[in-house]
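Participant: Here is how the chains run, residue by residue.
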Amino acid sequence: SAVISQKPSRDICQRGTSLTIQCQVDSQVTMMFWYRQQPGQSLTLIATANQGSEATYESGFVIDKFPISRPNLTFSTLTVSNMSPEDSSIYLCSVEEGSGRIVETQYFGPGTRLLVL
Amino acid sequence: GESVGLHLPTLSVQEGDNSIINCAYSNSASDYFIWYKQESGKGPQFIIDIRSNMDKRQGQRVTVLLNKTVKHLSLQIAATQPGDSAVYFCAEMADKLIFGTGTRLQVFP
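First to last, the sequence lines map onto chains A and B. At position 21 of the first sequence (counting the first as 1) the number is 58 in this note's numbering, and the numbers step up by one without a gap. At position 48 of the second sequence (counting the first as 1) the number is 248 in this note's numbering, and the numbers step up by one without a gap.
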């Protein structure tokens with residue numbers, strides 16, 4: 038499976054500021070996803086990022102709050118804007134990879150642990 | 201420490217015993233299912249998957265069972281080891297991947 042890295046691995050930020058999280062994949066992938074995992078909770082999809090088009094956001098998430106870039110097939114960024122303590126979560130990058138299979142599996146990066154004070 | 205799984209249901213098993221983790225999924229149109237393992241401080245790790253045209257799939261020490269009639273998925277871990285301690289998530293795929301609430305597995309020596 039693809040090797041996925043994220044930067045930063047963790048950060049502590051002040052409310053009102055913004056943080057950009059980077060996701061790098063060691064192979065070219067069409068579909069990249071961003072998830073949020075709040076403390077003690079499961080994973081929730083924020084948006085799907087495809088290269089060459091605008092990200093598709095899930096209900097409850099908007100571009101102004103979570104702008105996403107996808108400049109090429111191996112890289113994406115997620116920005117958490119105007120942060121509040123409620124944004125404290127783990128943010129996870131995921132890619133879809135099938136290696137020729139009919140159904141493609143999603144693999145996850147290590148996550149970025151964000152604490153907003 | 202890591203806050204993942206603090207408020208999740210917990211399954212406690214003794215080392216060497218078999219573990220069964222259950223999951224109810226919501227969408228009858230889901231046609232692909234994945235089990236993930238998430239250790240403290242890490243992202244979810246793919247364990248095993250199953251398509252809707254199957255009812256059982258085996259991996260190394262793990263078996264996934266799918267009952268589409270009652271929309272139920274289970275993960276069986278044989279001879280559970282301390283390294284299996286983690287939070288386990290099922291996920292269903294229809295038009296997107298939807299995660300279940302997760303179960304924390306604790307393995308005691």
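Some hints could be false.
Here are the computed lysine-lysine pairs in the DSBU-like style, where the Cα-Cα straight-line distance is at most 35 Å [to be verified]:
no.	chain 1	residue 1	chain 2	residue 2
1	A	LYS44	B	LYS242
2	B	LYS268	A	LYS102
3	B	LYS268	B	LYS256
None of these hints come from the bench; they were simulated from the model.
Participant: Check each numbered hint from earlier against the structure, then list the numbers of those it violates in ascending order.
Facilitator: Number 2 - this is the single hint that the structure violates.
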